[in-house]
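Residue numbers (full-length UniProt numbering), protein chains in the order written: chain A, 1 to 234; chain B, 1 to 234; chain C, 1 to 234; chain D, 1 to 234.
Careful: at least some of the hints might be erroneous.
List time: in silico BS3-like cross-link candidates among lysine-lysine, alpha-carbon distance up to 27 Å [to be verified]:
1. D:Lys-226 x A:Lys-79
2. A:Lys-212 x B:Lys-79
3. D:Lys-212 x C:Lys-212
4. A:Lys-212 x D:Lys-223
5. A:Lys-79 x D:Lys-79
Partial pick of chain C residues on the chain D-facing surface, computed with a CB cut under 7 Å [unchecked claim]:
6. His-54
7. Ile-204
8. Asn-207
9. Leu-215
10. Lys-218
The set of hints was computed from the structure by calculation and includes no laboratory data. The beta carbon of each residue, even a glycine, is placed where N, CA and C say it ideally should be.
There are 4 protein chains.
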Amino acid sequence: MDPYKTLREETYEANCQLPRLGLVLFTFGNVSAVDRDRAVFGIKPSGVPYENLHPQDIVIMDYDARVVDGTMRPSSDTKTHALLYKSWENIGGITHTHSTYAVAWAQAGLDIPIFGTTHADHTHQPIPCASVLTDAMIEGDYEHETGHQIMNCFQDKGLSNQEMEMILLQNHGPFTWGKDAAKSVYNAAVLEEIARMAFLTLQINPNTHPLKDSLRLKHYERKHGKNAYYGQGC
Amino acid sequence: MDPYKTLREETYEANCQLPRLGLVLFTFGNVSAVDRDRAVFGIKPSGVPYENLHPQDIVIMDYDARVVDGTMRPSSDTKTHALLYKSWENIGGITHTHSTYAVAWAQAGLDIPIFGTTHADHTHQPIPCASVLTDAMIEGDYEHETGHQIMNCFQDKGLSNQEMEMILLQNHGPFTWGKDAAKSVYNAAVLEEIARMAFLTLQINPNTHPLKDSLRLKHYERKHGKNAYYGQGC
Amino acid sequence: MDPYKTLREETYEANCQLPRLGLVLFTFGNVSAVDRDRAVFGIKPSGVPYENLHPQDIVIMDYDARVVDGTMRPSSDTKTHALLYKSWENIGGITHTHSTYAVAWAQAGLDIPIFGTTHADHTHQPIPCASVLTDAMIEGDYEHETGHQIMNCFQDKGLSNQEMEMILLQNHGPFTWGKDAAKSVYNAAVLEEIARMAFLTLQINPNTHPLKDSLRLKHYERKHGKNAYYGQGC
Amino acid sequence: MDPYKTLREETYEANCQLPRLGLVLFTFGNVSAVDRDRAVFGIKPSGVPYENLHPQDIVIMDYDARVVDGTMRPSSDTKTHALLYKSWENIGGITHTHSTYAVAWAQAGLDIPIFGTTHADHTHQPIPCASVLTDAMIEGDYEHETGHQIMNCFQDKGLSNQEMEMILLQNHGPFTWGKDAAKSVYNAAVLEEIARMAFLTLQINPNTHPLKDSLRLKHYERKHGKNAYYGQGC
Numbered sequence: 001m002d003p004y005k006t007l008r009e010e011t012y013e014a015n016c017q018l019p020r021l022g023l024v025l026f027t028f029g030n031v032s033a034v035d036r037d038r039a040v041f042g043i044k045p046s047g048v049p050y051e052n053l054h055p056q057d058i059v060i061m062d063y064d065a066r067v068v069d070g071t072m073r074p075s076s077d078t079k080t081h082a083l084l085y086k087s088w089e090n091i092g093g094i095t096h097t098h099s100t101y102a103v104a105w106a107q108a109g110l111d112i113p114i115f116g117t118t119h120a121d122h123t124h125q126p127i128p129c130a131s132v133l134t135d136a137m138i139e140g141d142y143e144h145e146t147g148h149q150i151m152n153c154f155q156d157k158g159l160s161n162q163e164m165e166m167i168l169l170q171n172h173g174p175f176t177w178g179k180d181a182a183k184s185v186y187n188a189a190v191l192e193e194i195a196r197m198a199f200l201t202l203q204i205n206p207n208t209h210p211l212k213d214s215l216r217l218k219h220y221e222r223k224h225g226k227n228a229y230y231g232q233g234c
Numbered sequence: 001m002d003p004y005k006t007l008r009e010e011t012y013e014a015n016c017q018l019p020r021l022g023l024v025l026f027t028f029g030n031v032s033a034v035d036r037d038r039a040v041f042g043i044k045p046s047g048v049p050y051e052n053l054h055p056q057d058i059v060i061m062d063y064d065a066r067v068v069d070g071t072m073r074p075s076s077d078t079k080t081h082a083l084l085y086k087s088w089e090n091i092g093g094i095t096h097t098h099s100t101y102a103v104a105w106a107q108a109g110l111d112i113p114i115f116g117t118t119h120a121d122h123t124h125q126p127i128p129c130a131s132v133l134t135d136a137m138i139e140g141d142y143e144h145e146t147g148h149q150i151m152n153c154f155q156d157k158g159l160s161n162q163e164m165e166m167i168l169l170q171n172h173g174p175f176t177w178g179k180d181a182a183k184s185v186y187n188a189a190v191l192e193e194i195a196r197m198a199f200l201t202l203q204i205n206p207n208t209h210p211l212k213d214s215l216r217l218k219h220y221e222r223k224h225g226k227n228a229y230y231g232q233g234c
Numbered sequence: 001m002d003p004y005k006t007l008r009e010e011t012y013e014a015n016c017q018l019p020r021l022g023l024v025l026f027t028f029g030n031v032s033a034v035d036r037d038r039a040v041f042g043i044k045p046s047g048v049p050y051e052n053l054h055p056q057d058i059v060i061m062d063y064d065a066r067v068v069d070g071t072m073r074p075s076s077d078t079k080t081h082a083l084l085y086k087s088w089e090n091i092g093g094i095t096h097t098h099s100t101y102a103v104a105w106a107q108a109g110l111d112i113p114i115f116g117t118t119h120a121d122h123t124h125q126p127i128p129c130a131s132v133l134t135d136a137m138i139e140g141d142y143e144h145e146t147g148h149q150i151m152n153c154f155q156d157k158g159l160s161n162q163e164m165e166m167i168l169l170q171n172h173g174p175f176t177w178g179k180d181a182a183k184s185v186y187n188a189a190v191l192e193e194i195a196r197m198a199f200l201t202l203q204i205n206p207n208t209h210p211l212k213d214s215l216r217l218k219h220y221e222r223k224h225g226k227n228a229y230y231g232q233g234c
Numbered sequence: 001m002d003p004y005k006t007l008r009e010e011t012y013e014a015n016c017q018l019p020r021l022g023l024v025l026f027t028f029g030n031v032s033a034v035d036r037d038r039a040v041f042g043i044k045p046s047g048v049p050y051e052n053l054h055p056q057d058i059v060i061m062d063y064d065a066r067v068v069d070g071t072m073r074p075s076s077d078t079k080t081h082a083l084l085y086k087s088w089e090n091i092g093g094i095t096h097t098h099s100t101y102a103v104a105w106a107q108a109g110l111d112i113p114i115f116g117t118t119h120a121d122h123t124h125q126p127i128p129c130a131s132v133l134t135d136a137m138i139e140g141d142y143e144h145e146t147g148h149q150i151m152n153c154f155q156d157k158g159l160s161n162q163e164m165e166m167i168l169l170q171n172h173g174p175f176t177w178g179k180d181a182a183k184s185v186y187n188a189a190v191l192e193e194i195a196r197m198a199f200l201t202l203q204i205n206p207n208t209h210p211l212k213d214s215l216r217l218k219h220y221e222r223k224h225g226k227n228a229y230y231g232q233g234c
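The following block holds chain A by itself, in its conformation from the complex (with noise of 0.2 Å):
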């Protein structure tokens, strides 16, 4: 019997969303699935085509990226998740994919502005494109640096991962969480979209302006604030 039996089709199952939802080619994504209980996360295996894979092919790791049950190489971008985890005890599962607008505005090197309420319903700012790493971290331990550019990132701008799921790096392409795996893959679709509707704004009107305050902040609090009243509340 695997111990590790439920997060392994949690985090198979997440895993094949990312085709389902248009958001990969090939094996170009990642997602994984953390057991705070036991301090491990499973993770796609590298360079598995989609519809090969198969739960019992999900590598157990945990928080420093060693290997605790599994019998094929991790994702390449294991210790970027590995990192996550460990520092952000509040997330539960990590999608990494290169969907097309979400990569266009990272090598575009530029925030995604807050355009309108598609966008403020799932978080209250610009999504942020972290600065491409520096040469020492790209030549260090990349993949770690990748997780420590990502958390500068937020410390810098002062942004709680918990009120913004999703980041950019720039000349790479987007990570997202959440406090499970399927709500991670959910904010990948959503920062797609909204990366696409944002491209598509600029195309029509270079001049708009970005969503004000007033209605930003109100469909934000409608579906996260502490009166929200969107969805059924469970």
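With chain A's structure known, arrange chains B, C and D on it following the hints.
Quick look at chains B, C and D alone, frame taken from chain A:
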């Protein structure tokens, strides 16, 4: 026996069209249908994914946005629907989405110009973009005021809700309506396509001219005028 | 026994290709097929959704746009088809759509330049955009005059309807034709792709040059010339 | 018993991937696979729709583009494939498509800059765009000269066909290759996505910078270098 069974089924079917037509990501949209005899409307419950939706989940509301029947919390946009049904007695269904190209125009804060016959087949005016609500409206009864903003826009521009069955709300997205819920969904899909074509048109030729009056009216009249010859006359 | 059974089936099958090829939203398109021996053509009935269409719904018309057989009202664009069949005796099928990128070029009011071999494989000229009809034409016998406008454009530009099987009508959309209805639908899909590629090309490099003559003619001739070596020669 | 059965099946399977990956409209593409022991390659017959293709239709050719086995006419691009197999002994499969975004860059006549890690995961250089052939080349043995133009471009730019498995031909479209036919198709899909991302990047920020050297090499090396740690090492 549920007295609202037919209304719930109409509302349910119309909501299910949204993902089929590619107009919604996750739960980003809602459709309502009215029963004028009973003075109630059915609307999608808030935050329920379309694939989990059942006819019995539809919430029955009166025109003052009070729940008449149903156990779930209605769409957070319910008060907008309610005010439109109360004010515009000739409409039978309302759709709200965050479809990509319509949102992009709303975020750009611009009316959609009338560039061709695809547009004129459905309305002979530009698609209006209502200004963003004032802070007082946003901080007041927000969704109710959203309904007022729609009606204010139609009044200011002298538009008829029968000749123009769609609107954009600046920084938010589209609302569409029609003689029944199915027609409001049809209009939501037409608006998205018109928005996409207008975006592409301006990318190809920013100096192109709007449709001239004779052609604008010809296409509208052949489909909607008293001598219309489009369709099977039923 | 229906004497037009074969013609109706050909027309029906060709119409059904439009939604499969992503060329139509709802009922925004129509295909006709001609029977030269009987001097009649079959055409889609007006306003009928493709999923509800049956072969027996196809309306049989003569070249003066009079109904010969059938109980439904024919496409509102029927007179355009009729004039083309009457004037161009070598064509066997006609397709009209409001496909997105072709409409965008029509709304931009521009010919589609010939930028590459995908275009030259099908025609060695830019795709013409016929000017918008005069007010007199629009207020007269509009759909009949639309056919005249197509032929006027071909005459003015010295184009052959065999070497160029497609046209845009300014502020409206594309018409395509071919040796039979299936070929006219094929051309509608090719035009949409050429229109999309040309749009993207100009976005990437507004100063790019059209295809040079030698390559333009080479690709056209290897597929359509007397020494053509593309295809299986049947 | 067909001595080319395995080669035909490999070629057939790889061709069938093109429509599944959205890389071709109608017959706009072809894949070949080589058998180095027999010094022959299999290639798609010309002008045959993918849905009508059978393994036995694959035409077997030698490196001088002479038919060795098969009853159908081979792809009109066969001489380009033949020259590449003859000149580059390390490649096992070749794909040619007219995929939309790759063609748009080819029609724009520009190399695709390296803007991000999606690109660097596959090659550490911009994707080259070979100049349009001279009139003499076009009017001579055109498809053979197309192969020469590809090799000239690689020689001029000092590129290795193992580090760069893709090219654009100006005003035409992409060719890709790899260790086998499946890898060449994979590369065709990767190129299309890189082309799309680069287009969007420049639309969002025309002044963005290419990927810096350290990150460009890091991503390429972690996947392809001697200490690569991407994938399962098999």
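Evaluated hints:
Between Lys-226 of chain D and Lys-79 of chain A, the direct Cα distance comes to roughly 20 Å. Compliance with the 27 Å bound is thereby established for this hinted pair. For the given pair, Lys-212 of chain A sits about 22 Å from Lys-79 of chain B by alpha-carbon distance, which is consistent with the 27 Å threshold. Between the alpha carbons of Lys-212 of chain D and Lys-212 of chain C the distance comes to roughly 36 Å, so the proposed pair goes past 27 Å and is violated. Only pairs whose Cα atoms come within 27 Å are accepted, and Lys-212 of chain A paired with Lys-223 of chain D is rejected, the gap being roughly 45 Å.
Restraint check: the Cα-Cα separation between Lys-79 of chain A and Lys-79 of chain D comes to about 48 Å, which exceeds 27 Å; the hinted pair is violated. Hint status for His-54 of chain C relative to chain D: violated, with the closest Cβ pair at about 24 Å, above 7 Å. Annotation: Ile-204 of chain C was flagged as interfacial toward chain D, and the flag holds, the nearest CB pair being 4 Å apart, inside 7 Å. A cut of 7 Å between beta carbons decides the hint on Asn-207 of chain C: the least distance to chain D is about 9 Å, and the hint is violated.
Against a cut-off of 7 Å between C-beta atoms, the interface hint on Leu-215 of chain C holds, since the closest Cβ of chain D lies about 5 Å away. Because the beta carbon of Lys-218 of chain C sits about 5 Å from the nearest beta carbon in chain D, less than 7 Å, this interface hint is met.
Hint check: violations occur at hints 3, 4, 5, 6, 8; the rest are consistent with the structure.
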